[in-house]
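Chains as they are written, first to last, in my numbering: chain A, 99 to 421; chain B, 99 to 421.
Wrong hints could be hidden among the right ones.
When chains are identical, the list treats them as one kind, so a pair holds in a single copy or across two.
[Stated by the list, open to error] Once the Cα atoms are required to be at most 20 Å apart in a straight line, the calculated EDC-like pairs of lysine to aspartate or glutamate come out as:
#1 K100 / D144
#2 K109 / D286
#3 K339 / E363
#4 K314 / D276
#5 K338 / D285
#6 K311 / E131
#7 K384 / E121
#8 K293 / E249
#9 K311 / E370
#10 K128 / E391
#11 K262 / E118
Everything labelled a hint here was simulated from the structure, so no lab data went into it.
Number of protein chains: 2
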Amino acid sequence: MKIISEEEVLKNYSMKQCIEDVERAFMLSKRSEIVVPFRTILHQGDDGAHTLYMPSYVPEINYSAVKIASIFPGNEKYYIPRIQSTIVLSESKTGQHVANIAASALTMLRTGAISGVATKHMAREDAKTLSVIGCGVQSYGQILAIMEVRELEKIYLYNRTKNKALDLKEKVMNHYPDWSGDIQIVDDVNEAVSKADILVSSTSANTPVFSGKYIKAGTHINAIGSCEPIKQEYDVETLKKASKVVVDTLEGAKGEAGGLVIPDEKGEWSFENIYSELADIVVGEKAGRETDEEITLMDSVGVGFLDTVCAASIYESFFIKRH
Amino acid sequence: MKIISEEEVLKNYSMKQCIEDVERAFMLSKRSEIVVPFRTILHQGDDGAHTLYMPSYVPEINYSAVKIASIFPGNEKYYIPRIQSTIVLSESKTGQHVANIAASALTMLRTGAISGVATKHMAREDAKTLSVIGCGVQSYGQILAIMEVRELEKIYLYNRTKNKALDLKEKVMNHYPDWSGDIQIVDDVNEAVSKADILVSSTSANTPVFSGKYIKAGTHINAIGSCEPIKQEYDVETLKKASKVVVDTLEGAKGEAGGLVIPDEKGEWSFENIYSELADIVVGEKAGRETDEEITLMDSVGVGFLDTVCAASIYESFFIKRH
């Protein structure tokens, strides 16, 4: 059993590789069977603490894995992260359990990579400006991924508490010491929205935090926050302005994407308007962006088999030298 | 994340401690809530290979754990064990994943300890002779456990292929260099049965391997093999001769104990005749052995929360010095 720490994941696994892996995983999901059993929820205590067990099996790469994620809302008082996750990777020719991989960095990277893949296919080729609404840990992965697929010149960061935006700015600047672009913190969320060629919405908001009316023509939106059916991060106007609404998986979106579920339930919008799953665009069954003016939206709630594919890639990176 | 290998489990975790832990776990299961969600089965390949994910949560000790067991029947051709298991232990105050514990030795020890607890309460105090039918890896744990609770003078071993019995004899003799008793290999299974004060049946047989008519008065039987509803390791006569039939959990027995399920379905015996769960005897709600003459039987298929309690104990043994 190989133990792989957060530090080792960050050192051995690049966003470039992760985007390749996620794109490949979506491709596999279209051409062969992937097994994703229902996840198991174990409730612990009265404050909503729970642990999720999320197994999945990707026959074509010969690995299965289970992600174990504990979500403990009360952890802030102990200065311990609210979400703690780890992955056990098993080789599926003989069932050997080959690795235990700390999964916070992995989750951040693969969540970023989903947006990276979506942005690659759906944002304008000449997109230069990224606006990020919400500056938590996931937003760092979003920026790394989008920097990988577009030549950005400007990043706008908005966060309710400004210090988190400043921290994120510093982290990104340290990661790209040679980058010629710059990062600006903004106080007005809609100012950030109005300037975006690419917009990332990554908050845990219950109700929309920005107004769709400020989104300009040609913007691509990655909405990755609020992954609960009762949380609506972006408004219906945003949804209606988008000529293409894409999800990572339709099943996941119907269960967890509040930005879609709530308008669908209210009759303001319908799941029938979904353009496609992201995998359909990856394999070329559906077109990505077709005009410079269209507004596109990708809502991601994550999908378990990506964890298995990324975990296998991280494990193999210790044995196989890559380009 | 602390990684604990098979070798470290065997070095740090005694059968004596394991029996204490299993007895305590049964006690906890009677006086407080233990959460055992349905296990998840992930089928892999055409030869029956599958992986089981078995989470459980024991609030009173503040730990949850998931046992991940891959069962790959085709492994023999690679000289790899058919069953490979590992446990991820999580502390349940903050959800931190604290240990990854190799679980083959743990399973062997805790399966032994169940029989140890049953034997302690149900065998005659003056039991001197143990007969073991089937000499696979679990039987070693059975002997360690029973040696812990009774002063044995003689052990009879029976196995279809004699070499496995010889191997087990050697292993046990090495473990107890100062033991004054002796171990004899027998060729006739019913000879072993007829000599037993305590009988362990630990085979993967589909149909009964010994005849109940050879069981003498006063024998206690631990039946721990054939944990599938279609496998019947002991015959109906054995069952009917027992004045007390005890199971580790009724739910588990009804699902997996073929020795009980098959006679119940055929109308030859009924689950209504179950005397109690083992936990009822541990806490004193039900009597264990009451006369020197009665024949008692404990059928165990294992139960997930014991793994969590034992895993927690193993983990803590690295930090807490015990007597």
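Provide an ascending list of the numbers of those earlier hints which the structure does not satisfy. 1, 2, 4, 5, 6, 9, 10 and 11
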